[in-house]
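Sequence order for the protein chains is A and B. So the first sequence is numbered by full-length UniProt numbering: it starts at 1 and just counts up by one. So the second sequence is numbered by full-length UniProt numbering: it starts at 1 and just counts up by one.
In case anyone wonders, no lab produced these hints; they're calculated from the structure. Even for Gly, the Cβ is constructed at its ideal location relative to N, Cα and C. One or more of the hints may lead you astray.
Covered stretches of chain A, as calculated for chain B (at least 3 residues, CB under 8 Å) [said to hold, decoys possible]:
| # | segment |
| --- | --- |
| 1 | 7-15 |
| 2 | 175-184 |
| 3 | 424-436 |
| 4 | 483-491 |
| 5 | 494-500 |
| 6 | 553-560 |
Label pairs and their in silico Cβ distance ranges [claimed, not checked]:
| # | chain 1 | residue 1 | chain 2 | residue 2 | range |
| --- | --- | --- | --- | --- | --- |
| 7 | B | LEU614 | A | PRO428 | 33 to 43 Å |
| 8 | A | HIS11 | B | LEU473 | 51 to 61 Å |
| 9 | A | HIS4 | B | GLU534 | 20 to 30 Å |
2 protein chains.
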Amino acid sequence: MEVHKVVPPPHKSSFQKVKARLKETFFPDDPIRQFKGQPWKQKLVLGAQYVFPILQWGPNYTLKLLKSDIVSGLTIASLAIPQGISYAKLANLPPIVGLYSSFVPPLVYAVLGSSRDLAVGPVSIASLIMGSMLRQEVSPSKDPLLFLQLAFSSTFFAGLFQASLGILRLGFIIDFLSKATLIGFMAGAAIIVSLQQLKALLGITNFTKQMGLVPVLSSVFHRTNEWSWQTILMGFCFLVMLLVARHVSMRKPKLFWVSAGAPLASVILSTLLVFAFKAQHHGISVIGKLQEGLNPPSWNMLHFHGSHLGLVMRTGLITGIISLTEGIAVGRTFAALKNYQVDGNKEMIAIGMMNMVGSSTSCYVTTGAFSRSAVNHNAGAKTAVSNIIMAVTVMVTLLFLMPLFQYTPNVVLGAIIVTAVIGLIDVPAAYCIWKIDKFDFLVMLCAFFGVIFISVQEGLAIAVGLSIFKVLLQITRPKTVTLGNIPGTNIYRNLHQYKEAARVPGFLILSIEAPINFANTTYLNERILRWIEEYEAEEGTKKPSGLRFLILDLSAVSAIDTSGVSLFKDLRKLVLVNPLGEVMEKLQRADEADDLSRPDCLFLTVGEAVASLLSIVKGQSSSHV
Amino acid sequence: MEVHKVVPPPHKSSFQKVKARLKETFFPDDPIRQFKGQPWKQKLVLGAQYVFPILQWGPNYTLKLLKSDIVSGLTIASLAIPQGISYAKLANLPPIVGLYSSFVPPLVYAVLGSSRDLAVGPVSIASLIMGSMLRQEVSPSKDPLLFLQLAFSSTFFAGLFQASLGILRLGFIIDFLSKATLIGFMAGAAIIVSLQQLKALLGITNFTKQMGLVPVLSSVFHRTNEWSWQTILMGFCFLVMLLVARHVSMRKPKLFWVSAGAPLASVILSTLLVFAFKAQHHGISVIGKLQEGLNPPSWNMLHFHGSHLGLVMRTGLITGIISLTEGIAVGRTFAALKNYQVDGNKEMIAIGMMNMVGSSTSCYVTTGAFSRSAVNHNAGAKTAVSNIIMAVTVMVTLLFLMPLFQYTPNVVLGAIIVTAVIGLIDVPAAYCIWKIDKFDFLVMLCAFFGVIFISVQEGLAIAVGLSIFKVLLQITRPKTVTLGNIPGTNIYRNLHQYKEAARVPGFLILSIEAPINFANTTYLNERILRWIEEYEAEEGTKKPSGLRFLILDLSAVSAIDTSGVSLFKDLRKLVLVNPLGEVMEKLQRADEADDLSRPDCLFLTVGEAVASLLSIVKGQSSSHV
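Excised from the complex, chain A in its bound form (with noise of 0.2 Å):
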């Protein structure tokens, strides 16, 4: 019988395999490929395209692509000017600032961006939790100028540590965001910024300033008094027009426009009906007058020192994170249903970048938005040009409609804002995570019921930590299993998976599923030594000759440390199958003492391990006759 043997990989020196560990870990997806034996004047014109995606697909940009574009530049254009002045006013914004969002941001976008349908501007999640954290340190009531600079201020940093993590291709720190964690999180949030909007819902003047489900819910039931029925009515009515709106798109994709159209409908009728009844009289509270105008710059009210800086940086962080999150799972989204691709690093520089800019021009924190995009990409968007029609759209609202919205009710944005973020709950995601994997729903509870009863970033915090936990838990106890024969083959299975697998008299054979490292290598000494006793119980009593050897399958080793090689160095009549590249590398360097990579001791199947070490023993004991 032939035996094959196992060898290491070709030496590589250190500095080579430093440069190619670095290399798969912060470019991934090495992006220098296309720059490959290219001319010199056609690398400037890649690096360019690179850099401003505009340069690739702009000049292949056609008339039918324009009306495409047109049409669903307009229909989120519809969506964005209300939930633009509704998200606004959820960070405790002027409502004004909530437009100017929409217009900078989306334009910088088109330019930089690589996603084709995302829909740029503001975001529910991403407004409550900025209107939140800065409303720890100041009220945005008594100190409106102050709470606006903060905001533009926690904007630029947020857009800042957004490129950076681009720039310094760390895009990989958002993917500890599980999706069980976002799912949690999201429906929280969800909860969180309803309960908020039943301020506006049941037209209550004094409400809490807290986030939490539980002040916010004795403030509503202790305020009874300050409840006006018209308020309640004119919500109920359009919160009911939404929804069905909303339930109509969901079932015939087709009709996208009608919950498109409706928050954009909402606003007229019920501005309409507050200008025709004078119901701003009678209880219904409204918007109020909003200064006409483009955007004015804001470089100068940015914070770069002072005792809110703090503040100022942690709500950039934890925006930016939450923010990016968003964008770049709605960019990939898309990307994956049309089949082409994003860049996840590109896409932080861009979106971060879209923030500076807006920092210093009157916006707060933007990206791109779930809902929006959907519309966008239902409406038959084909590049980023429906963002700048958007944009253009919302310019001149901007410049010339701003009177109108001077008797919109705040009840019907409230209902905009319910009927936005309640698609964000996702039950039947939920119901999956709970079938497939326990822990994950654990971690999603946790997500939800932390960000509901304790804070949005202790939720999200207590949710990542908890992911993290459960990944290091795995290390620290990896599976162990036993393998046995498939009869009639060379095949080596889980014993306990394969009920027709047997054992091999005289042997025990193991497979270590885990990168073996300090973290384990105590845990599997004691285990293996467990297994081997429970085998001597087991084969000891039936025949005399009991183990003879322990095979190590290490197929699924893919990594080992000091501490890890010396795992080995304590078990006899230990034969190891299959070390993987690296393994075998280390297992030879600390090998000079030791005989583990002597050829009798190293197999590449099982099959050939136990095959050999058979006709060993058959040697001896004829031998011994």
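Position chain B relative to chain A; hints supplied.
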């Protein structure tokens, strides 16, 4: 050709799975195994023996064992007395506390501990950490009583924490101190401790209160006027003597008594010298009067509230973890040498109990000491009775011999400490780490320089953080390798490692070498797409057919989560090979809509997958003809 089916593991309810997971996490050693199937009375006996290991070996104790234990007990006592006094001074405590701590804790350990070689008493690093941490808030010279109370309270919390880790079976937490971290930390601490001894060795009276390398050296060289030549001469002579003794014992382990007896000999010799020459009047500082008598009770000195509680708990936590690590490591090392088992969690309870009892009998934190246990082992210790002998010897000293230490010079104690801690600098182990794993070496350097230049706690925290970061990075960027067929076999192995392995035309066979989870799903998706692109760029020009099948070998994927399951949904022409139990189960559960678990997408080995798919392809092309 026969094709084997992939099956999921037998069904278990979620409750059973959680139970199995919890058992593997907290009871990997299955402590109740021995109780199974025993009669009721026997169970009681076994239970008592489990709690008090002395009941296990005590009944079989013989006179022959006692002889060995007396020799080793007296040997370690001769080491424990001078070291106890020295280490107490290192912790800024009265010297006699070091002797108290060598009396009660060894007795407690003898009853509860399961190691036969551990020599219990105060140790250098824990003393150093306790002294330096408590000194942050309270000055040992200005307020010695409060300092002593805080030391006892910290010891209590250290013991409580250690015992809790054992009772809650969370002992794996100390595994996170990897070998590399410990080697760097120990070496750094040894240097810090040695530098502190310059005060005694040079006879400086106004020494800095800080621990770092820079302030200590600047203090030494700014106070050259305080250097005392008599002290330096004496210190130099005894240091050389102790180092020579240590060297002799290291060369010839049979002469262990040379280094074991040297400290006591130095103390006696130097005391006689001082007494004879009245050297205390010539610039040589001596210990001075020590009170006689056994440990006074100290439970009324424990602080459970007040302004220093936070410091005390923090100090207890850190000294507790560090001393536990030393104790457990020593226990395991000698158990492996003599081939018996030490139960980590039981040891933690024993060490914790001994510190809690110690804290109420005027002892500070103790554990099993590396150097003293080695001497104990070499001197032929057979059971924990050698600890009892040592304790009795210390008791005799406390009762009758204390006045003899009045003239012992501090410089000799400094020399004893330096000689003891110099052995903690393990250069060969550091070289071995450099050879095996460069990243581990970096962790070691961080621990070393962190301890020297920043502080003991922060150096440790940096090294632990870096070790965990490395593990997380491995998970975030798992290796994917392309497999090829080893000619003439059914074996598929890494193309890069095995040069003879050959690609199968039309197939891209990838192996993923890590659990698939939220932290790496995005990366894996991008990386696999890049493999496909590269494959098509290379092969696509040669053959018009291009890529027919993508085979993912999941043999090394030990676990998967909900994010991971979604990875397979976007890939086309996908065939999965050998998903392990848990992975198979989750794929099946996620799979009501998808087709991943249909038989023609799932194979047990790569060989079978390639053979079946090739026959399908041939069947198609022949039917086309």
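Do the hints match the structure? See the list:
no.	hint	result
1	7-15	holds (count 5)
2	175-184	holds (count 7)
3	424-436	holds (count 4)
4	483-491	holds (count 5)
5	494-500	holds (count 5)
6	553-560	holds (count 5)
7	LEU614(B) - PRO428(A): 33 to 43 Å	holds, 40 Å
8	HIS11(A) - LEU473(B): 51 to 61 Å	violated, 24 Å
9	HIS4(A) - GLU534(B): 20 to 30 Å	holds, 27 Å
Violation of the numbered hints given earlier is confined to hint 8; every other hint is satisfied by the structure.
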